[in-house]
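Enquirer: These are the residues of each chain, in order.
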Amino acid sequence: MKTYQISKSQLKQLLEPYLTAETQLIAPSLNPLGLISFNKIQNINEIALNTSIPLKPSKSYLFPESSSLVQFDEKNPHLLESDISQKKQMLFGLRPCDLAAIAYMDSFFSSNISDHDYVQRRNNTLILGVACEYPSNACFCTSMGIQPGTSIHADIFLVPSGEDFLVEELSEKGQEYLASISKGWKEASNETLATQKNEITEKTSSKLIEKIDLSKIRGRLSETYNKDFWNKYSEACIVCGACTFDCPTCSCFDMNDSMISSSKGCRYRSWDSCSFADFTLHASSHNPRSSKLHRLRQRILHKFQYTVEKMDQWSCTGCGRCIRVCPVGINTRSILKDAKEALGE
Amino acid sequence: MDRTNTVIAFVCQADKRKKLISSLKSKYPALRVIPVICIGKLNPVIIFRLLMKEARAVILVGCEPSDCHFREGVFFSERRFFLAKEVLKGFGLNDRLLNIIWSNPGKDALVLKQFETFMQYLKETQIEKGA
Amino acid sequence: MNKIVNPYQPSYAEIIQTKQENSSIKSFLLEIPEGIQKPIMPGQFFQLSLPGYGEAPISVSEINDKTLLFCIANMGSFTNKVHSLGVGDKIGLRGPYGNGFPISASSNSNLVLLAGGIGLVPLRSVVSYFFHHQENFKNLEILYGAKSSNDIIYRDDVKQWRHKPNTIFKLTIDKPEKDWNGNTGFVTQFLNPQSSDPSEVLFHLDKDFSQTKVFVVGPPMMLNSVYQALTNINFPPEHVFVSLENRMKCGIGKCGHCNAGSQYVCLDGPVFSWKTLQSMPNEY
Amino acid sequence: MINEIRDAIIQYLKSVMKENDVVLALRSSSTPGILTPCILRNKADLDQIEAGFFHLNNLAVYLSEFFQKENRLSTLQGYLYVLCKPCDTKAVTQMISDQQINPNKLKLVVYACEGMADMKKVKNEIGLDKDIKAIDLHLTELSLTLLDGSPLSIPVSKVISSKCLECNKEYHLTMSHVFVGDEKKWKSHPYSIATAENKVLLQDQKKGKDLFDQLKAELSACIRCNACRNVCHACFCSDRCIFDKPKMTVGFLDKEISPIDNILFHMIRFYHVAPNCTACGECERICPQGIPLSHLYEYFHRLMQESLDFSAGSSDSMRQAMLSYRLGEDLV
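Here the protein sequences line up with chains H, L, F and S, keeping their order.
Mapping the first sequence onto the numbering used here, position 319 (from 1) lands on 319, and the numbers just tick up by one.
Take the position in the second sequence, starting the count at 1, then add 345; the result is the number in the numbering used here.
Take the position in the third sequence, starting the count at 1, then add 476; the result is the number in the numbering used here.
Take the position in the fourth sequence, starting the count at 1, then add 760; the result is the number in the numbering used here.
Derived by calculation from the structure, the hints in this document are not laboratory data.
By construction, the Cβ of each residue, glycine as well, lies at the ideal position given by its N, Cα and C atoms.
Treat the hints with care, since some could be wrong.
[As the list claims (entries may be wrong)] Estimated spans, in silico, between C-beta atoms of each pair:
id, chain 1, residue 1, chain 2, residue 2, range
1, S, 881, L, 458, 54 to 60 Å
2, S, 859, H, 114, 25 to 31 Å
3, L, 371, F, 565, 30 to 36 Å
4, H, 344, S, 880, 36 to 42 Å
5, S, 859, F, 655, 46 to 52 Å
6, S, 864, F, 700, 39 to 45 Å
7, L, 386, H, 284, 28 to 34 Å
8, F, 481, H, 20, 42 to 48 Å
9, L, 458, S, 864, 56 to 62 Å
10, H, 107, S, 880, 33 to 39 Å
11, L, 371, F, 481, 48 to 54 Å
12, L, 371, S, 973, 33 to 39 Å
Chain H extracted, bound-state conformation (with noise of 0.2 Å):
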């Protein structure tokens, strides 16, 4: 796989060619509410590359909040946008936690009964990943075994070296469009790539608040389940769904019907989250997780346990959204130091 070193100017070359009506261009931009989110771009220039991970992670583009699966009577499409864009879109300026998280949302999506929703969008979407030079302060990718500076989960991957940029080819899809547009680019040894990558990963580490060692306790989190250190935090929750609505890899989504008439409508899925009270609620109206620490417990066995159990892989990047979105300050990390303490590590 080559690599090249491209000018800022040179980045339009890269970007251009999903400017046009067909296609859509999604990188981050400060949009009318003052927030750095990802947002659909009109011109090159509008794109913040220098700014910490947007709060809002890019998972709207591919498990959009609410998308039609099923049409009633087809023949008029319903209220919602064209259920599956067949836009081609590109999304760029993904840090290596969110290209993690993506990776994992493939395998999720496309495991035992693939959803078709999920996978379409996904097989029309090309990746473009930079490397993290500006953590927040709630970013602990590194004690999830990521490093800032790199990642394998993209189509190509920009590493910012001065004013210019090292393109890394990742995949074929990253290599076929690459050979399209790469005319005249200069290419870049192997080496000058990996040096600027591991400085990048050194400087941004440095920058992280602390680094916590997981690798004791991977796999184990279930031996806490009836300790105390549950309630300090369920206490302060307010069971809202900001955590897992800006998490990257919470996947849970609700079904219901919605119709223009008796005959014509949509059956769609909505964004729905483990903390609301009617999650888990049975016909006979008993509730399995009826209580706020239930559901918080869930929301973090789940990502470092369970999906431990089944997957094999922490459904956690460590890009620290859910300790920024909280209303009340509970921190992922800290829940995560108290496990490691209540488990003598």
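Here the structure of chain H is known, so what remains is to put chains L, F and S in place on it, guided by the hints.
Expert: For chains L, F and S alone, coordinates are given in the frame of chain H:
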């Protein structure tokens, strides 16, 4: 039912008002008449949903506050509909699209006139509710 | 690019016959539409749906090669609408989902079915499978506990079950009623060997527990008392199988509602051995 | 860092706390600039209490957990002490008149508050590419250390919450409470730079279609995470809320997350809370999408005062805006 100019009228049961308002159905095909025991029973949340989705305008025809068969209920609903109209105004919607017509047994003619002027108003103003 | 199959798209099945089982449960015989993956095993479930009313996971009560029997309790807006349907109407159907009862693993052993109220609905598929494949099994024991006498379902089937060879059928209702001379109390009363009538004792058939499989379906309180009763006679937990009733939406292990511990009840269940249940957190 | 007001609060609580009393207060969380509500049951933990400039939360929303649903009697044997900023007391008073809690087992610990931080302003001051490692208050300066270790200090006046700039340094409580700190000195210099009456709201600047378009654009960012509903003391139909569809056979609102349904969600929510909203600003502070909900609650708060002369949280009399009427009002 064409969603863009349906008008839904909630009519209170008293004094054969349902027959009075349904007589207008021939003149206004997009009118839907729904009888309710008392318009005080109506939860404005239904009105919000109708105005945002299924209907262009909602008309409530009920007893005048001092003359309500349930004596006190309509005083509370008067405040509730006031707040409902203010919520529409606060969100930038045209609060005249929620029209409340107070009627009592003697005023059938006046009720019909008010109804006609409202339907006329609807015809003139094109749909700018932004929905 | 190959067209990826939409796993949520239901196919539509026509209702051939309906029957009101009791005040809240009505059974529907549906014609199996093509494209439904076969074989369908007892204990599996389908997501039944109606446009505008959503979906509900319903276990199969009887599996024939052309038709399926579903018994639906009137619990919410969807089931309410289904109860108003008649012969000739269509219901959305997608599935079969779930692993079903371990039929192949229980060949030539006794089957003991413990049904609590509506729990008899999924277990009925095992009963009908047993009668069609009698040679694969030893004996069948159906222990059915209903809330009250007018809650009893499958009244005419029950009459036949009593007279079938190597089959024992026991019925009990929770509280004694006026003209009821049958058993009263919970279904676990049949599980302790010192029960009043030794000839009726469950395991006189075969003291060797390894030749016996117990299938349990019922409300959470019943499950706890069944576990208690089976531990008293130290019945091996790996031979006890429970079908769970978690909230489900997608049925294919994606939406997360049925998640208990690392298991997705719709994908890895709904039937779990009591052994795996003991290792799962008590969140089902 | 010395924080006299916090030490005075801890000292007071240590002197009055008895055997099975409970204290609802705040303690530091590992996230810089935000505190975590905590329920302390023994004296030893009282030292963890934090208060002052970073007391952003309005603890009134946690009170209903301590009172039984059927008869609103306290579930505790001892007293419940609640740490309140003076503006939080309006929320507690309103919950009493909403009959969510009853005051006999409740004691409010109100303190001389010099304003609270607005973390969005702090974030804008330090820039989007940096972040806070540690933050502390030195009299009138916020001293921060950033992630790369460099120090920064920002004057408090630049990052104080706009709500505090309208604070007339008053509170009225009939229930049992204590004021920690010098009340006279605290009341002597109210901020009240922009008084509430002459405040210009969005609804004054824009009307009709362009007001609707702006609100529609803002609310289309909403992801319906229910944080604004769960943090609101006035939103108390906790387990039978209209938005939790299973409880209602006919959902008024689909769970579809689209611009129209988001507007409908917020319309229904503000219609319900308008009579008892005390404009505490919690919903805007915690919105993960940064939606300026003050555009809505300020309008309804002023509307209640001007049209129905009812100001939420001002008195715990049982008079409710929507449950009382005056003859001949002909509002509609």
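Enquirer: Indicate, hint by hint, whether the structure satisfies it.
Expert: To see whether the hints hold, each was checked on the structure:
1. For the pair residue 881 of chain S and residue 458 of chain L, the beta carbons lie near 56 Å from each other, so the given range of 54 to 60 Å is met.
2. With their beta carbons about 52 Å apart, residue 859 of chain S and residue 114 of chain H fall outside the hinted range of 25 to 31 Å.
3. In this structure, residue 371 of chain L and residue 565 of chain F meet the distance hint of 30 to 36 Å, their C-beta atoms being roughly 35 Å apart.
4. Here the CB-CB span from residue 344 of chain H to residue 880 of chain S is close to 41 Å, well matched to the stated 36 to 42 Å.
5. For residue 859 of chain S and residue 655 of chain F, the Cβ-Cβ distance of about 49 Å falls inside the hinted range of 46 to 52 Å, so the restraint holds.
6. Roughly 40 Å separates the CB atoms of residue 864 of chain S and residue 700 of chain F, a value that falls within the hinted 39 to 45 Å.
7. Between residue 386 of chain L and residue 284 of chain H, the C-beta spacing of about 32 Å keeps the proposed range 28 to 34 Å intact.
8. For the hinted restraint 42 to 48 Å between residue 481 of chain F and residue 20 of chain H, the CB-CB distance of approximately 30 Å leaves it violated.
9. At about 57 Å, the CB distance of residue 458 of chain L to residue 864 of chain S agrees with the hint of 56 to 62 Å.
10. Between residue 107 of chain H and residue 880 of chain S the beta carbons are some 37 Å apart, a value that agrees with the proposed interval 33 to 39 Å.
11. At roughly 51 Å, the beta carbons of residue 371 of chain L and residue 481 of chain F sit within the given window of 48 to 54 Å.
12. For the hinted restraint 33 to 39 Å between residue 371 of chain L and residue 973 of chain S, the CB-CB distance of approximately 38 Å keeps it satisfied.
The structure does not agree with the numbered hints 2 and 8 stated previously, though it agrees with the rest.
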